[in-house]
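Engineer: Protein chains in written order, with my numbering: chain A, 1 to 224; chain B, 1 to 78; chain C, 1 to 78; chain D, 1 to 728.
Take these hints with a grain of salt, some might be off.
Here are the simulated distance ranges between beta carbons [claimed, not checked]:
# : chain 1 : residue 1 : chain 2 : residue 2 : range
1 : A       : Q131      : D       : N516      : 48 to 56 Å
2 : B       : K11       : D       : K290      : 46 to 54 Å
3 : A       : K112      : D       : E707      : 30 to 38 Å
4 : C       : P51       : D       : N642      : 55 to 63 Å
No lab work stands behind these hints, which were simulated from the structure alone. Just so you know, these numbers come straight off a predicted model, no measurement behind them. All residues carry an ideal CB built from backbone N, CA and C; glycine is no exception.
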Amino acid sequence: MKSTVIIFPGSNCDRDIANALQKYNFQNKMLWHNETELPKTDLVVLPGGFSYGDYLRTGSIAAKSKIITEVIKHSNKGGLVLGICNGFQILIETGLLPGILLRNKKLKFISKDVYVKVTNKNSKYFKEIKQKVLKWHIAHNEGNFFANKNIIKKLQDNDQIALKYCDASGGIKQDSNPNGSIENIAGILNEQKNILGMMPHPERAVNEDIYSNDGKFFFESLLT
Amino acid sequence: MKISVIVTLKKEVLDPQGKVIQQTLNNMGIKNVNEVRQGKYFEIEINEKDPNKAKDSAEDICKKLLTNSIVENYKIIS
Amino acid sequence: MKISVIVTLKKEVLDPQGKVIQQTLNNMGIKNVNEVRQGKYFEIEINEKDPNKAKDSAEDICKKLLTNSIVENYKIIS
Amino acid sequence: MKISEKIIKKHGLTLSEYSEINKLMERDPNLLELGLFSAMWNEHCSYKSSKKHLKKLPTKNKKVIQGPGENAGVIDIDDDDAIIFKIESHNHPSFLEPYQGAATGVGGILRDVFTMGARPIANLNVLHFGEPSNSKTKNLLNGVVSGIGGYGNCIGIPTVGGETNFDESYNENILVNAMSIGLAKKNNIFYSKAKGINKPVVYVGSKTGRDGIHGASMASAEFDENSEEKKPTVQVGDPFTEKLLLEACLELMKKNIIISIQDMGAAGLTSSSIEMSSKGNLGIELNLDKVPCRELNMTPYEMMLSESQERMLMILESGKENEAQKIFLKWGLDFSVIGITTNTKNIVLKYKNKEVANVPLKALADKAPVYDRKWISHKLPKKIKKKVNYNGYKIKDIFKKIINHPNICSKKWIWEQYDHTVMADTFIRPGENAAVIRIHGKNKGIATSVDSSPIYCESHPLTGGKQIVCENWRNLVSVGSTPIAITNCLNFGSPEKKEIMGQFVECVQGISDACNYLDFPVVSGNVSFYNETNGRGIKPTPTIGGVGKINNVKKIMTCAFKKENSNIIKIGKTEGHVTQSIFYREVLGIKDGPPPEINLFNEKNNGLTILELIRKELVMAVHDISKGGLIAAISKMCIMGNIGAKIYLPKKLISLHNYVFGEDQSRYLIEVEEKLTNDVQKILEKNGVYSEIVGKTQNNNLELDKEFSISIEDLKREYFNWFDKYLN
Ligand SMILES: Nc1ncnc2c1ncn2[C@@H]1O[C@H](COP(=O)(O)OP(=O)(O)O)[C@@H](O)[C@H]1O
Ligand SMILES: [Mg+2]
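Pulled out of the complex, with its shape left as it was, chain A reads as follows (with noise of 0.2 Å):
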């Protein structure tokens, strides 16, 4: 599979996604926000990190770029677009995913490993996954998601919830959620289901002497 990852200025997790992307084989390029066009990819990753600085709202600015017309048409094709941590706010800023990531609810940065649970075995990007929950870490300053009730309705509807918090045997409690987002939310998919946002770094976890080596899971099931 041939994936493309986005450095805008002040992204910080475009090494980490690049290097788990290689790990499993995945033919990845890199490419300046600044670009016009995309190479020829059948994924592309906006990566985590603090782009402009998260100045104005937490992705505001890079939802702005240049290159952010060319994802646009990308995924209007049905091509993948991953966004994480960062990634996911530039995309709810583009529109291309509905809702609000606002501040965590006690106003802290949260880094920490976190249960999460996948709620949709449909899309392309969980299909393959078996685990019952999966250890994650998260490292953000606005992940409280929030959307109006005919939002959540809609994609409670169209099965677009695709991750919860949860706690490790895989219950959804309010004790697991670490932000505040609504429904214990921590990622979602369009309608389509080929855009996913999350907050969490499955990419920090691609390793079996690091705290947790469920990163492999996503990627593989991706890959297949």
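Take the given structure of chain A and dock chains B, C and D with the ligands to it, following the hints.
Structural biologist: Here is chains B, C and D with the ligands on its own, set in the frame of chain A:
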């Protein structure tokens, strides 16, 4: 000329910052505050002498960049 | 009653956000903006009918929590 | 403008220093020139009170590539890799504006590291706050922690460790020390010494504003009642610009263009331009009209003394300006050729076609006064002779109080606000003995820890100085790394008082003794004096940041118990030293008596033996015993591993209280499988290391003979909840 703009979250949107401020005030012993909502304020120096044109410019800037119209409102105050 | 407050960075203090916004507007083709400064806006619902007392409360809140007087100024606007 | 006495004082200079300036210049300086002197001659830049004593510190071993004197120290970690690291204080600014003060502290230390050609790979921080009940503490804690996180998280460098302490002596003078570690190629390290004349002097980064003018002199001035009112302009950090500056500098460093480079830290353009040219024994001429300014009508004085953040000064090869400029423009940063190197050995400043300053570099850089300040020696406090009565102090209650004490309990509330996994190479996270970072793409790694012991240092500076080095060494050993070198930040009160100067001199002596013995040299550091308010100083607080090397990250060791029914072996003898322990000071309220003694021979022997055991894969967990004694150490191993333990009582018991809470040094706990116990004991015997089996791991409960039994769940509650309770 200088244009000032206020951007607020729509009523229905949760405001975690406002909420924490209200709680903190409460903890500090200031008990008469029922609600706090936090927004943004911008001062934009526009190279334009005609106030109407400057305001039009500011409107444009608010729509194109300063606000996310799904969750925010703006008001040009001067 | 509701009190609105604007908090701005003092003039000589660097405003990295404002700087990036101005540059972005420029990149987007909006060239007539010389400077943008970003501040905060608060709406405080105070349980107090007397406007003067409410304003005093708001002053107190600004001083004690909402601003750091070393880098910021505040203005109660209504 | 006539230079009055008042102006001289305002510049932090004494009258005799001024007359020295007069002599060196052979005329009266103008105000701008006086500003240059005030920046270069203040304590922060000139080390005038400390220089004489810092010379005692060992600075070399087989692995040191660059010791003190550059922006940061450099060590060799084999292959073509070098590690560059340093610690620095940002105490006063953090007290005035905790978020920005702490944030810019992180920004400053990062620049020290990447200016030498390294990509930063880890940050650490040492925080000392006033007592929790002080009305300012909560706000300072919140602000400082968000500031450190705000900067480090944004730029994308993991913050992997630190130390946090509360004590009333910091009520009006908190300490914020930030450390950064970077990775570079040995053959591509950049230094600040200029070479060659007529080379372009280039300014890059953010524009210059009126921030922190006189910051460097402020950092060396005592606080008084008015200083909260004085409201000096504090600097505001822009981590986004720093990230761009980092990437742009590293991109430029791949080309053969930079002759020398220096970040603009304290005293900004003044110290960077003067240091680079004086180190190269050259002259320098700057055209201040070319300095990118954020505000209109900035004066030469303001430009030279501004401490705006995120700026660098470089000297480039002639004719390469355009190539360099391209890179900085791509990253959206200011780039301006502001001067040239000359052979005059003077700094010449021009503004609007006029010469506005002309001073011999030697006078500024080398002729700063060096003081041999008076100091007095601190005697070892007498032992407490009278037997202390522990009646009514149940072990269980004391124990609970200790693990719930803010200086012992988990600092999770803090480090969860720091992105500690970005870059995906954090192999041991905060909350352990030391953090471990893998060298990207390789099997090797580094371990790092920061440590300080203000209580021991106050009680007996010489012992305290040794102790902090040893504790740091122990932390690095515990994770299985070979300690290589340290950086240090020496935080003290006013050196003009002979007691405090004595604390300084003897702490430095202690550090030096331990470093020498352990072959653990100092490669960089920073001195922060005048941490006092209304004449009351902080406890002497030298902090040590150490780095060790790990050959294979697969073999690292943690302190978590791994399974039930293994033996818990204690290395090192327990004498039951309780004075200056947390038990005596915080529970009994007894504050006299000496701190625990340091025996450097045992320290080294025990540590090297632990390393041998780890390498031979004979142990499953290792933890050093420090504050809170044996019981605090075991409980942490239980909590981290979710496994209980039963502690036996030794046969010849000194006193149960002293046995479990004593803080004797050079001790470790190891977890060993029953069947390997013999092999381990053989090695211990062979090395002449004192050891005893103190207990066994078990399911669920921590038990001390018949004294108490507590479930791991309850233990965790005590260990983890202090911060949440305090802040809500
Ligand atoms: N301010 C901080 N930032 C990051 N980590 C911290 C901070 N304070 C403490 N820690 C972490 O908590 C752990 C315990 O620290 P400390 O109490 O000093 O233990 P030790 O006695 O083993 O050195 C260390 O791993 C340290 O990295
Ligand atoms: Mg420590």
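Engineer: Hint by hint, note whether the structure agrees.
Structural biologist: Each hint, compared with the structure:
no.	hint	result
1	A:Q131 - D:N516: 48 to 56 Å	holds, 53 Å
2	B:K11 - D:K290: 46 to 54 Å	holds, 52 Å
3	A:K112 - D:E707: 30 to 38 Å	holds, 35 Å
4	C:P51 - D:N642: 55 to 63 Å	holds, 59 Å
Taken one by one, the earlier hints all hold for this structure without exception.
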